[in-house]
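Protein chains: 2
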Amino acid sequence: MNNYAITFKPVNYKVSASEGSTLKDALVKSGLDFDFPCGVIGKCWKCLVKVLSPKIEALQKEVEHLSKNEILEGMHLACLTEIHSNMIVELNMEKNTDYNILQSSVEKNSAIFPLLKKDFIQLNLPSLEHQKSDLSRLKEKLILKNPDYRDLKIGISILQQLPDKLRKSHNKVTVIIDKNEILGIEKGNTSHKMFGIAFDIGTTTVVGYLMDLYSGKELAVSSSLNPQIKFGADVISRTTYANQNDNGLKLLQSTILKLLNELIDDVSKKSNIKRDDIYALTVVGNTCMHHLFLGLTPRYIAAVPYVPVINESIELNASELNLNINPAGRVFALPTIAGFVGADTVAVILATDIDKSKDIKLAVDIGTNGEMVLGSSKKLVSCSTAAGPAFEGAQISSGMRGANGAIDHVCFGESMTYTVIGDEKPRGICGSGLLDIVAGFVKVGLINKRGKLLSPDKFTNPAAENYSNRIITYNDTNAFLMVPASETANGNPILITQNDITSLQLAKGAISAGIKILVEKLEINLDDIKEVLLAGAFGNYMNPHSACTIGLIPKELRSKIKMVGNAAGSGAKLALLSQIEFERADEITNKVTYIELGAQKHFNLEFARGMQF
Amino acid sequence: MNNYAITFKPVNYKVSASEGSTLKDALVKSGLDFDFPCGVIGKCWKCLVKVLSPKIEALQKEVEHLSKNEILEGMHLACLTEIHSNMIVELNMEKNTDYNILQSSVEKNSAIFPLLKKDFIQLNLPSLEHQKSDLSRLKEKLILKNPDYRDLKIGISILQQLPDKLRKSHNKVTVIIDKNEILGIEKGNTSHKMFGIAFDIGTTTVVGYLMDLYSGKELAVSSSLNPQIKFGADVISRTTYANQNDNGLKLLQSTILKLLNELIDDVSKKSNIKRDDIYALTVVGNTCMHHLFLGLTPRYIAAVPYVPVINESIELNASELNLNINPAGRVFALPTIAGFVGADTVAVILATDIDKSKDIKLAVDIGTNGEMVLGSSKKLVSCSTAAGPAFEGAQISSGMRGANGAIDHVCFGESMTYTVIGDEKPRGICGSGLLDIVAGFVKVGLINKRGKLLSPDKFTNPAAENYSNRIITYNDTNAFLMVPASETANGNPILITQNDITSLQLAKGAISAGIKILVEKLEINLDDIKEVLLAGAFGNYMNPHSACTIGLIPKELRSKIKMVGNAAGSGAKLALLSQIEFERADEITNKVTYIELGAQKHFNLEFARGMQF
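First to last, the sequence lines map onto chains F and H.
Residue 306 in UniProt numbering is what sits at position 306 of the first sequence, and the numbering runs on without skipping anything.
Residue 234 in UniProt numbering is what sits at position 234 of the second sequence, and the numbering runs on without skipping anything.
Just to be clear, a hint being listed does not mean it is correct.
To be verified - Calculated cross-link-like contacts (lysine-lysine; reagent style BS3-like; alpha-carbon spacing at most 30 Å):
| hint | chain 1 | residue 1 | chain 2 | residue 2 |
| --- | --- | --- | --- | --- |
| 1 | F | Lys258 | H | Lys153 |
| 2 | F | Lys378 | H | Lys141 |
| 3 | H | Lys269 | F | Lys141 |
| 4 | H | Lys258 | H | Lys269 |
| 5 | F | Lys591 | H | Lys132 |
Hints listed in this document are in silico derivations from the structure and should not be mistaken for laboratory results.
Given the sequences, and given the hints that come with them, work out the whole structure.
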């Protein structure tokens, strides 16, 4: 049976699909978060996609339902379109997949001192009186630039190319150097061209920032969903996949490497930079993503006592990972702190300088896990809690990611108002929306301390009365009717169930307990914390007021909250631009004391307390 | 914190030690094979050392346990003695360290300090309280052995195997270390198994010596003709082949690598050692052989101004050359001096210690080329002459290699007697035989000063008369009938033609001119030379008396000639057994001044003079 390559734009994600299968099958296989609300074929007309290539004829059913313009544009229903060749398909991102991948990051002034160096030199000619070897003549000029270059090493493959390169370039070459090693030699003067990419590999999304290693400027950004999603949505399920399948680890690794090559391609095209002029990559990610990227088993992270293979930073050749940059290129993976506090957290510390701060600061990065760091230049403690997927919209009855159609902000006043991403009819609720809703419940008295959604006859707060008619019975318990079926995009009502509230309680209980234990370990009071830095996507979209209302962040800290954008990405960029910052990452790892919450006797008590409102 | 230099006698090995650390720490760091049986402090009294400088007071504990004599001699316990200054310490070699003496024709004591190290460790188990990564737990035990191991690097492929290796071996592993890098990790305790091979790659023959890197013992030797001979008999013809054929260089390289793999196989079978227990290879050879082995073009060695690609030593992974030893194995190619003075000459200097000698010595290694080194610890000069293939039996009418059937020694008295290798009927003459024959011609007056073979009517020396009937006419000139056809193995007569004599004259002229110019460059007289060391196969088989008779070696040096066997091979072995010796090789390269004879104005004059008898 023939297989074809189907490329989904604009995320540039490729899947292989078999002859006669549908675009819907390919989309499902891709793991891209494309909704098929109706679940059946040719019914709801929501799975419209634009087929860029090849041109295919509209089916009778499509002609009947689509406008002339849509047909001319090549719009087709994914559930009806059969695959008989390679195809390029554009997804309607505005409608379906406007992933608010956080690309912005806190810019920080830092001396530029890139991880790799380039030196242009002109060698002396050899003569019968000065029969110096090619390498000696190269080194003699390099040593004039830096006496430490005396002990430079050179790999055999570079050395093999040296004599002809010198002679073809009339002894004018540019030498690429990494600390004590010559990585490559280029003909002529290429010393002004050196670019690098900082990668932030998240469980869900991956972002790459192309940087000019001399000016420090960001030239292009490219991001995508992490295609490992098809092997599992979270780190535990991916670890299970790696453990239980032959070549599972290799497959997970090659999947992320393939994406990185696509992002490398994308940023180089966007910025008109040759891939061969990219020499350095830095990589951050949680410990599992970090391990999968390096082909290290995450098996022992996932089980007690949760140990990673490596914490310290590691450098390797890009060619060892088949990453398509300059053959001399190097990959710099930042260090991790523990099995569940990864290189992304190290990068957050790097970007926010908590480790240098006189004041005590708290950094919180909430995703599937919540990672927290508390401290100052004197001492740093960190922990990780299984925040659960509530904030990412998963396991919530009407939950969805922060894409178009998601209710992202809600305000409970005399009446309730909400906003929807993409300004369209709502399809579900994303994490920040859920946070606002539950904060509203607390505010107007729709739930009690333990989080129970009250029946109207149990209301004690008069403000709750405005919402009496929204309390309905669902699966024998109370539920809150957020949006009636008639007002939603798919004709299904959007509810908040008791289970949804419990999911959120578990997440906020874990995080607030984590914060409490860190405060305790540092032997300080909440008042001593001068700043709370919220990093990561959810932290930047959520309403801090709501976070404090429900007790996710202690109320005492409300005025100290500051959003720091994608601080993990910023840290990766800093390390790329400065060897000093990259080395500081290891110092940070050594400095941070990791607190295993599971080993704290009173964690369960704090957790139970933290679940209350 | 202050650091002090600690010198260990009698091996003269220095380490740097920090203020307040103990002599035990310094000894551990040194890697010298000194035992600490008890493992704790001040218990077993086995780690006694003699502190030569400074004088330090005995501790109470030492006073209690040591004899008065021991205290007066400056004996101290290494585990108790703190370092607060530079120190010179004598180790009790008899008791503690089995320093084996190298079995080679060059007698030399050398401490064994192999290029690679193995350390067996048992890791601590991780726990929820101590969630250290696998690599951290590995390093924490290694650092106890040597504080410098803190900065050990590890390659990604080794790291990928680490977690499962640790768990399958119950946390007991042996780590293979090369300076600052972990090369490999093996399950269980394999620390007693570490072997290496020293290769001497000659233009004509290749020898491999399998060595036990701990005992220093030679376990097996294997040798073979260099199969590159099929691409050319000498370095110039092989260089031409490499230059003029597509993939010529690759073919020459793969040819020698294939042979090395066969020799590896052979010595491992002979000694019943697994190839996987071989971790290190050292390689010496002339500069062209060295370049071909490494896949470096010899093109620029062969043309003015004769520059090699690299002079300094280079280390690489055995796997980069597809050499079948342990996957962690490393190759150490010794440095070269110039385009025609190679790593073999460096190894000769290493083995003969000319660079450390107070007396001025001359080392001569005669093969297709004649390489010479003259000097002492103060200054060393070297040169190379195209000796031509006369001494290897090539381009001589009845010439052959030193194999069975070769006339190897000849004595001209009243009659002529000769010996044949293998005691069989002669088939030809090898280099040492030719040397004796021409020396005999000089002695009995068969040739004149210019080397012309005289007709009997021109004889002036009565001793020549005995050989009148052997002077025959061959191709219109005189020739000497060495063995009549009836007495040879193949039924052909063995002759010495005028051309044969001329070939030898060219060789001896070049070598004696080289010696003269070195003596001149060093601004000494021949009398100042205290020893003449003859290295290499020909140097060891030839009769030194004959060499002086024909003026190959100046007559004044006759009593100073010493045979040093395969000193190049000995040097390769030394470098394999001792990192200190390997590093000394680079010092030697930097110390030796290379004299390009072609650039010496009076070389041709000396050469012409040197051709006379």
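Against the structure, the hints:
1. Lys258/F <-> Lys153/H: holds, 27 Å
2. Lys378/F <-> Lys141/H: Holds: Lys378/F and Lys141/H sit about 28 Å apart, inside 30 Å.
3. Lys269/H <-> Lys141/F: Given pair Lys269/H, Lys141/F is violated - Cα atoms ~48 Å apart, limit 30 Å.
4. Lys258/H <-> Lys269/H: holds, 17 Å
5. Lys591/F <-> Lys132/H: Given pair Lys591/F, Lys132/H holds - Cα atoms ~14 Å apart, limit 30 Å.
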